[in-house]
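S.K.: Those protein sequences? They're chains A and B, same order as listed. Quick note on numbering: the first sequence equals residues 1 to 152 in our numbering. Quick note on numbering: the second sequence equals residues 1 to 270 in our numbering.
Hints are computed from structural coordinates only; laboratory data are not their basis. There could be a bad hint or two in this list.
Subject to a maximum C-alpha distance of 16 Å in a straight line, what follows is the list of computed EDC-like cross-link-like pairs (lysine to aspartate or glutamate) [said to hold, decoys possible]: (1) B:K39 to A:D40; (2) B:K253 to B:E215; (3) B:K8 to A:E4; (4) B:K39 to A:E17; (5) B:K257 to B:D228; (6) B:K85 to A:D117; (7) B:K85 to B:D169; (8) B:K196 to B:D221; (9) B:K85 to A:E116; (10) B:K8 to A:E17; (11) B:K257 to B:D221; (12) A:K70 to A:D6; (13) B:K8 to A:D68; (14) B:K253 to B:E231; (15) B:K253 to B:D234; (16) B:K257 to B:E217; (17) A:K2 to A:E17; (18) A:K2 to B:D5; (19) A:K2 to A:E13.
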Amino acid sequence: MKIEIDVNNTVHEVVIEPNTLLVTVLRENLHLTGAHVGCDTSQCGACTVHLDGRAVKSCAVLAVQVADAKVVTIEGIGEVDNLHPMQTAFREHHALQCGFCTPGMIMQAIDLVTHEDNLDREKIRQGLEGNLCRCTGYHNIVSAIESVVDKT
Amino acid sequence: MYSFDYHKPTALDQALDLFKGADDPIFLAGGMTLIPTMKQRLAAPTDVIDLSGLDVLKGIALSEAGLSIGALTTHNEVATHPLIKLHLPVLAQLAATIGDNQVRNRGTIGGSIANSDPAADYPAALIGLGGTVVTQSRSIAGDDFFLDLFETALHPCELITRIEFPLPDRAAYAKFRNQASGYAVVGALVADFQGKIRVGITGAGPCACRAIGIENELMKDLSVDVLDHVEVPDAGFNSDIHASAEYRAHLVKVLTKRALTQLLSQKNAS
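Please put together the full structure from these sequences, using the hints given.
M.R.: So, in structure tokens, the structure goes:
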């Protein structure tokens with residue numbers, strides 16, 4: 001079926017089967033490979049994108065479900081020479097090693113600081129429950145997010 | 001995932017007609033259980049009927065009878081809605097413990113209750129608060145709703161439209177959380193309606209249930225100590241890699257105590 005999908009403020013027309021996942025359309029039709037497929041069982045959060053402003057796992061959403069929605073991916077939040085403050089914070093705090101989980105971490109972190117009040121380190125850790133990182137032990141990720149909270 | 005036909009009706013009647021006209025249809029709410037299940041090919045519906053266009057399943061309203069919550073309300077909406085935080089804070093707190101943030105942004109109260117997962121949180125609230133499930137054709141008392149593992153009183157073409165909760169004087173929920181999934185190994189919701197105590201348990205058996213023996217003891221003496229003398233038999237409880245039936249029976253008591261301790265620390269609203 002043919003659907004229109006608004007990704008990073010651009011409307012794309014794609015022809016897909018109904019059983020196509022959002023993450024598949026992002027990566028294979030639109031070549032936005034920032035959202036990663038880490039587990040494919042909705043555990044790891046590497047595929048996290050924003051759907052109407054809220055973080056969701058794009059491997060657990062059908063592409064046809066988002067025909068009326070606005071999708072924002074890691075590619076849509078900043079430019080190489082004009083990073084999103086959360087991207088800058090991750091860089092400054094060395095909040096990544098291999099980087100595989102980073103797009104999902106950043107998209108979830110933005111949801112967290114936008115929608116949660118009184119974030120402290122403990123609440124940030126809880127807020128990252130849906131995102132797995134196998135390298136960092138989370139310490140620097142929490143520090144990066146905390147620095148953004150402190151600035152806002 | 002097997003192939004299927006996708007439909008997105010904009011009216012309740014249209015959704016029901018689509019369901020009746022299909023071979024092996026299924027309703028899609030938030031999809032946080034259904035889509036992973038379909039990906040694993042554990043479900044293979046011929047037709048997926050997306051409910052997200054049905055405004056009649058949305059919205060939260062307060063009346064004298066209590067709070068009425070639309071079936072499509074997400075867990076994060078329940079956790080943060082001002083009416084729920086003010087009048088039924090236990091439900092907001094419970095919703096905030098479901099899964100992870102991304103799941104709470106998509107998963108819905110109606111979907112969770114219709115699924116009757118033995119380890120889901122909302123069933124403890126439906127039972128413990130004595131809520132009512134409203135469908136397009138009738139109201140079903142929470143006590144009569146959960147029948148077995150993933151089995152409810154819903155007919156095949158019956159759709160939950162709203163969940164209604166009476167407002168207790170005070171209530172509290174405690175759960176022992178599976179560290180990986182966030183599901184309740186066991187969860188206990190204790191509610192006080194002017195001295196009438198209800199205890200809803202999830203996670204222990206094949207579906208959520210009331211702990212009538214514990215309720216009777218607490219109505220005689222609303223204290224944590226009284227639970228020391230209550231026997232919780234483990235017959236019929238689940239036994240799996242997460243916990244044995246015996247351990248779950250132990251957790252029923254421990255978590256009821258924790259919920260009761262929280263409840264007793266609240267000011268009585270009546």
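S.K.: It remains to establish, for every hint, whether it holds in the given structure.
M.R.: Cross-check of the supplied hints:
no.: 1; hint: B:K39 to A:D40; result: holds (9 Å)
no.: 2; hint: B:K253 to B:E215; result: holds (12 Å)
no.: 3; hint: B:K8 to A:E4; result: holds (15 Å)
no.: 4; hint: B:K39 to A:E17; result: holds (14 Å)
no.: 5; hint: B:K257 to B:D228; result: holds (9 Å)
no.: 6; hint: B:K85 to A:D117; result: holds (15 Å)
no.: 7; hint: B:K85 to B:D169; result: holds (14 Å)
no.: 8; hint: B:K196 to B:D221; result: holds (11 Å)
no.: 9; hint: B:K85 to A:E116; result: holds (15 Å)
no.: 10; hint: B:K8 to A:E17; result: holds (15 Å)
no.: 11; hint: B:K257 to B:D221; result: holds (13 Å)
no.: 12; hint: A:K70 to A:D6; result: holds (5 Å)
no.: 13; hint: B:K8 to A:D68; result: holds (11 Å)
no.: 14; hint: B:K253 to B:E231; result: holds (9 Å)
no.: 15; hint: B:K253 to B:D234; result: holds (11 Å)
no.: 16; hint: B:K257 to B:E217; result: holds (13 Å)
no.: 17; hint: A:K2 to A:E17; result: holds (9 Å)
no.: 18; hint: A:K2 to B:D5; result: holds (13 Å)
no.: 19; hint: A:K2 to A:E13; result: holds (7 Å)
The structure is consistent with each of the numbered hints, conforming to all of them.
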